Every structure is written in structure tokens, then in C-alpha cells.
Amino acid sequence: MAHDHSHDHDHAEGSELSDIDLRVRALESLLVEKGYVDPEALDVLIDTYETKIGPRNGAAVVAKAWADPKYKQWLLDDASAAIHSLGFTGRQGEHMIVVENTEQTHNLVVCTLCSCYPWPVLGLPPTWYKSPAYRSRAVIEPRKVLGEFGLELPESVAVHVHDSTAETRYLVLPMRPKGTDNLSEEQLAALVNRNAMIGTEQATPIGGA
Amino acid sequence: MNSGHDLGGMMGFGPIENDSSDPNFHANWEQRVFALTLAVGATGSWSIDTSRHARESLPPHHYLSSSYYRIWLDGLEKLMLNAELVNEQEVAAGKQLIPAKPVKNILTADNVMPAMMAGSPYDRVHQAEQQFAVGDTVTAKNMHPQTHTRIPRYVRGKTGVVDKIHGCHVFPDSNAQGLGEDPQWLYRVKFTASDIWGEEHSSKDMLFVDLWEPYLV
Numbered sequence: 012m013a014h015d016h017s018h019d020h021d022h023a024e025g026s027e028l029s030d031i032d033l034r035v036r037a038l039e040s041l042l043v044e045k046g047y048v049d050p051e052a053l054d055v056l057i058d059t060y061e062t063k064i065g066p067r068n069g070a071a072v073v074a075k076a077w078a079d080p081k082y083k084q085w086l087l088d089d090a091s092a093a094i095h096s097l098g099f100t101g102r103q104g105e106h107m108i109v110v111e112n113t114e115q116t117h118n119l120v121v122c123t124l125c126s127c128y129p130w131p132v133l134g135l136p137p138t139w140y141k142s143p144a145y146r147s148r149a150v151i152e153p154r155k156v157l158g159e160f161g162l163e164l165p166e167s168v169a170v171h172v173h174d175s176t177a178e179t180r181y182l183v184l185p186m187r188p189k190g191t192d193n194l195s196e197e198q199l200a201a202l203v204n205r206n207a208m209i210g211t212e213q214a215t216p217i218g219g220a
Numbered sequence: 092m093n094s095g096h097d098l099g100g101m102m103g104f105g106p107i108e109n110d111s112s113d114p115n116f117h118a119n120w121e122q123r124v125f126a127l128t129l130a131v132g133a134t135g136s137w138s139i140d141t142s143r144h145a146r147e148s149l150p151p152h153h154y155l156s157s158s159y160y161r162i163w164l165d166g167l168e169k170l171m172l173n174a175e176l177v178n179e180q181e182v183a184a185g186k187q188l189i190p191a192k193p194v195k196n197i198l199t200a201d202n203v204m205p206a207m208m209a210g211s212p213y214d215r216v217h218q219a220e221q222q223f224a225v226g227d228t229v230t231a232k233n234m235h236p237q238t239h240t241r242i243p244r245y246v247r248g249k250t251g252v253v254d255k256i257h258g259c260h261v262f263p264d265s266n267a268q269g270l271g272e273d274p275q276w277l278y279r280v281k282f283t284a285s286d287i288w289g290e291e292h293s294s295k296d297m298l299f300v301d302l303w304e305p306y307l308v
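Read top to bottom, the protein sequences are chains A and G.
Sequence positions in the first sequence follow my numbering and run 12 to 220.
Sequence positions in the second sequence follow my numbering and run 92 to 308.
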């Protein structure tokens, strides 16, 4: 079941992988021959989402919100405008919502029906986010899921789970780590890990991993 | 439709494998399937809702035992066959056998970045006044369409509170079938975990689900 990330799967389906490889090559050459697809565009698409669009964008948004109370308020009131103003626009991020973690509330984002994820700020979703285990469990036992990420929340903190069923895309604004008053926006951004913006972890503490 | 994609609350999938060194793609073919899906999608031959339906209407045993990009590959082939961009003989042969169908757009390398950065907004001018306001109590309908829908099974029949109004958005149930965008008001509805999953669950933890007006009473 843990198909797209299980190591045993790679062994068990080794022969299938090469069959798939051939099948995909045949399909690509057919689509190029028919003129539907520009092969160079495929390379650019891959490079764009491998190297240009990723969670450093989201980290810049979060760091700016931590450093600038006005920006933070804008982000919470109209996340699309506030995020787009930094140049992080486009596919799978047209309609952004930012939810804020506090001492009372912890937010967690999932897409139970497919794999909706805010590409312009976080890039492509990690394998675990797309896995049936996460998609099925995040809504019914979020605290156990968080525990598997090493995050044990006290009962006093309410967990808010956001299921991305529409074209709205959710970004979690994690709590700013303690002892970071004197850090620059750039230094703050280095503390914003991807999982903290999905809600499965906290921001990285000073001197943390 | 009630199929293998609607996973909320299912059990038995085991622990979450959170490997921070995990790459975006695990093989070259996964990269190509990702890029092909976006590039052929850019021809404008179908909507995102139709493409979701192509994937989720794969037989549940197949969907649940396939890797992520295998599902994309099967979905893409189905979409292209349905849209008559290719036929089955061509897919089997990997060669063109019939003339190409005219399409709205071809994504060129130069245009990838502008097209991705532009995206395609889904909010629309409203056709009618909204029926619900923030704070209203609403119940998700007990409905089981055979066609594409974005109301997860776990909220059907459950009662929650309107928490936010997102505006008027393309209605996937209609758009996926090629019946037009039929824009509808979209609400974020807040449900209490114990109302959804039973009293042994927290009455403090909340679930927020984005639901279109036709899903609600």
C-alpha cells in the first residue's frame, strides 16, 4: 500500500518499473510526433519544479510575517494577495489561505481526496503527503499522525485539520521559535522547514536540526 | 463517486513514512509522466476536474495498489483516449496512425514559466446570492453521485458551522462532466471531530472542509 515510497516495492516491482519506463517513452514519442507536446517544454517543466519552485518560497512568506506585523495581518486577511505580492503566484496557488498556529491552536493540512498542495510556496508535495496512510489518518487521528512526526501536543492545544477539497490551498503559519528576536528575515527563513508549513512539525528551534 | 480515492477515515494503511531525504521523483519515468500530464493538460482538452475524475474512477483495487505517478499515467491515457487526441492502437504502437486533433494551445519551452506563474483562477462572478452566512449551522447532504464530486464521504450527513466564505467557484461536479462551470458559492465549514468520528474523539479538535453550496442544507 505504501507504494510510491516503500523500499520493498522497488524490489517487488523492479520488472514493472522497466515496463513502465518503456510505456512512458512510447507515449512521449507518440505525443511529440502528433505535435501535442514540445519535448523541451517537458524538460523545463521538470527543472522548474525540481529546482526553482519549492519550500524556500513559503519560508520567505513565513519569515516576513514573523518580522513584519502588518504583513502578517495582510497574510491572514488576504493570503492570496499577500503571497502573490512576493511573486509566488500561479498553478495550485491561485486561492491561498493561511492559518496561524498559536499556543491554543495547531493547524494541519491534508487532501483526503487527492494531493492538493500549494505549489508556488511549497513546490511539489512530499511522498508521505500523497500516501494513503497520511490521507486516511490525518482527519481521524491527527494527534497520532503528529506523534509519528515527533510532535506531541498537550490536550490543551486544539488541533484544526484542513481538508483541501476545493481549489483553495492552505499554508500553515508556524509559531515563531523563542529567542529569535534579533534575527534577520533571512535568518528566520532558515528556521522554517517544509513540514512546519504543512503542520506536521514546528518551526526549527534555534540551534535545532 | 464512491471510490478508492476518498480515503478520509479509512484504516489499515500503516505508519506514515516520513523520510526527509525523499526526492520528488523516484525514477525518470515519474518525471516524464509529471511533465507530460502538465503539458498535455495545457492543450486545453479537459479541465482539472475531468482529470481528477479520470484518476479517481480507476478501479479501487487498482488505485490503491498503484504508485502515485502510475495513477497519473493511467489517468492521462484515459483522458487522451476520451478526448480522442490518440487512439488505443497508437498508444499500443507508440506511433502516430491517425491525424492529430487540433488543440487550443501547445505549451512551448519559453512559455512554461509564464503559464505556470499565471495559473488559472477558479473564482467566478456569482449567479445568485449566497444562501448561508458565517456562523450558520449547515448539514452536509447525504448524497452519493455516480459522477465526480468533492464532498468526502466522512462529512456526508454531518452538521457543522460556516466558518468562512471563499466566494463563488467553479463547481467540480458539473465541470468534470463537461457540463459547464456552473459557479457555486464555496464555504469553509467547521466540524467538531467528535461529531464526525464519535464521542470517543475530541470535542475540541476541529475539521475544516471546503464545501460548495449544493452540498449543503
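Keep in mind that the hints are not guaranteed to be accurate.
Stated by the list, open to error - Listed next, the in silico DSSO-like pairs over lysine-lysine satisfying Cα-Cα at most 27 angstroms (straight line):
1) K281(G) / K45(A)
2) K281(G) / K141(A)
3) K295(G) / K45(A)
4) K186(G) / K155(A)
5) K186(G) / K169(G)
6) K83(A) / K255(G)
7) K63(A) / K75(A)
8) K186(G) / K83(A)
9) K249(G) / K155(A)
10) K249(G) / K141(A)
11) K169(G) / K192(G)
12) K186(G) / K45(A)
13) K83(A) / K249(G)
14) K255(G) / K75(A)
FYI, nobody ran anything at the bench for these hints, they're computed from the structure.
Every value quoted in this text rests on a predicted model; they were computed, and no experiment measured them.
We went through each hint and held it up to the structure:
1. K281(G) / K45(A): With a Cα-Cα distance of about 48 angstroms, the restraint between K281(G) and K45(A) is violated, given a limit of 27 angstroms.
2. K281(G) / K141(A): holds, 23 angstroms
3. K295(G) / K45(A): Violated. K295(G) to K45(A) sits at ~56 angstroms, over the 27 angstroms cutoff.
4. K186(G) / K155(A): Roughly 50 angstroms separates the two Cα atoms, so the pair is violated.
5. K186(G) / K169(G): holds, 17 angstroms
6. K83(A) / K255(G): The given pair, whose Cα atoms are some 19 angstroms apart, holds under the 27 angstroms limit.
7. K63(A) / K75(A): holds, 20 angstroms
8. K186(G) / K83(A): violated, 54 angstroms
9. K249(G) / K155(A): holds, 23 angstroms
10. K249(G) / K141(A): holds, 26 angstroms
11. K169(G) / K192(G): Holds - the C-alpha atoms of K192(G) and K169(G) are around 16 angstroms apart, at most 27 angstroms.
12. K186(G) / K45(A): Within the cut-off at roughly 9 angstroms; holds.
13. K83(A) / K249(G): At roughly 34 angstroms apart (the allowed maximum being 27 angstroms), K249(G) and K83(A) break the hint.
14. K255(G) / K75(A): Distance ~25 angstroms between K255(G) and K75(A) Cα, so the pair holds.
Hint check: violations occur at hints 1, 3, 4, 8 and 13; the rest are consistent with the structure.
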